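Engineer: Work out the full structure: start from the sequences and follow the hints.
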Amino acid sequence: MADLELANIEKHYGAVHAVRDVSLTVQSGAFVVLVGPSGCGKSTLLRAIAGLEDITSGDIRIGGQSVTRLAPRARNVAMVFQSYALYPYLTVYENIAFGLRARGEPEQRLDERVRWAADTLSITDYLERHPRELSGGQRQRVAIGRAIVREADLYLFDEPLSNLDAKLRDGMREELKRLHARLGRTFIYVTHDQIEAMTLADRIVLLRDGMIEQDGTPLELFEEPASRFVAGFLGSPPMNMLNVRLAEAGKQIHLSQDLMLPIAGGAAPAQDGEYVWGIRPEQVRLAEAGAPALKGTVDVLQPTGSRLLATVLIGAQKLTAELDAHCGVSPGQEIALSVAISRTVFFDGEGRRVGPATAG
Amino acid sequence: MRRWEHGWRLVLRMILALAIALFFVFPIYWLASISFKSPEEIFAYPPVWVPAELNVSAYIALFRDGDAWAVWNSLVTAGLSTVIAMILGTLAAYGIVRYRTGGENLTIWIISQRMIPPICVAFPIFLLFVALGLIDTFVGLITLYTAFNLPYVIWMMRGYIQDIPLELEQSALVDGLSRWAVITKVIIPMARGGFFATAVFTFIFAWNDFLFALVLTRSEVVTYPVQVTGYFGSQSTFWSQIGAMSMLGVLPMMVVVATMQRFIVRGMSMGAVKG
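Respectively, the protein sequence lines represent chains W and V. Under my numbering, the residue at position 225 of the first sequence is numbered 225, and the numbers go up by one with no gaps. Under my numbering, the residue at position 269 of the second sequence is numbered 269, and the numbers go up by one with no gaps.
What the hints contain is simulated information worked out from the structure, not anything from laboratory work. No experiment lies behind these values; they were computed from the predicted model shown.
Listed next, the stretches of chain V that the computed footprint assigns to chain W, with coverage defined by at least 3 CB atoms under 8 Å from CB atoms of chain W:
id, region
1, 160-169
2, 175-181
3, 186-197
The beta-carbon is built from N, C-alpha and C at its ideal position, and this holds for glycine as well.
Structural biologist: See below:
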């Protein structure tokens, strides 16, 4: 068990600057998810931790020891690959045992470990089969088994669920979380899927263009996004981004010439000017009579069963609201919406979040 | 009606298959039959299709006079050069694929070495071997066959190694294997079909070489193709010995192909699809 420290990691591929000055400390036992759009450097970073990728500069330390110059096998990390990377010519048993054999584990101990891993992942029945005889979900389990069978300092996961269909993915997410709780080991997990990041992580590191955009607990990133990028990346359906102008020292929100919403003091930035107003769909409700409201026209309705997603045209701007499934609105209808303004966020022209006046 | 038609077609197919098989097997049968025939039978007209008795005197003569050693010489030179070429070639191919050694052009240059007509270099190599004292030695022939087969091995193995997903190797590296162990535990098992197919062809090239064996050997390491020519005399030609020696040369190939058939077919089709 050991902490992982990344210090000022830089990676260039020719002219491409894939990772820019990334520093990160991961406590042992954590479940850290590196998330971001493709090309953000998350996989490069993971592969650098594994030793599969040289870094241009910086230092990687595991348990206080620098491993930057060490070969992958000298780092005591285990990794699950996106393609599973199972050996087609070996049985499931031998696939799981592969890493232990490579490290010269005594036969009896090896057998115990393999059976324990297989049991943990419920694949004991398939031990004598070859990977080609398994379904995608079973192969995924074997791939995870290959990693957990070893007593590694770090367990690295490179988009392990992306080849599974949606239903299997949901099930495996739950199992991974249970597995982490049971093993108590450090998991570092790369994904581009915000749901995986939100559901699995103790801590999310959101990367963009090779840099850490924000680092924190899932709820922190969700509720207190540092930037418009973070806010837009997390949450489904995504956050609404309305162009607004604040006036009267943050007491009025103007959505257009003739659309104004008065707000309580301190809920919005004190500085007047142009902002992007970030509203999550679940922060919008049908307004009660007499309350200050955004008026708009229902454009499209998408029932999800439990909720109703309504796209509402407010002036020239679109707003998605997550309404009660039985609220009875219909397309073309004029409706009034109230917004839980204190929970919404404002971004400046650069996309940086600007805190409310009270926070300042 | 349909059933009858089906049976009729089957018979026709069988006849056709038999005819094709006969066409290809007959020369080998003829070779074998000559080796067992008496001199009169060999020259008889109309031809004797089946020898009256199995006359093994030609074989006895080959073993008694020590001529059969030529087959041993062929086995040693072709076998050892194949082993060396496969080891070196696989390592070279791995280096070219994973470390991009020599960039794009090195592989083309290497395979171009294979395209040189052997006769063009036979004389220079002869002079070189004379200077190095390698004429009529195992070391000389093995070195030469290794050198001539290496480009082919590198070229083929490069293709097979390229088809192996990189993540399989990386997974093995993280699991604790060294680069060398990755080659023996991941690369070779993954490319097994192609590896054996390449080895068989390499062996056949060396086995069938006549030109270099003729130029570079005298008496110590004469290989079987050269030995066969020894029976064509200006006075007379020893057909039964030619037949017997040729049979000794064909048999090992039959054994090799029969045991490796599974791998060869798979290896060749792999190469065909993936190029």
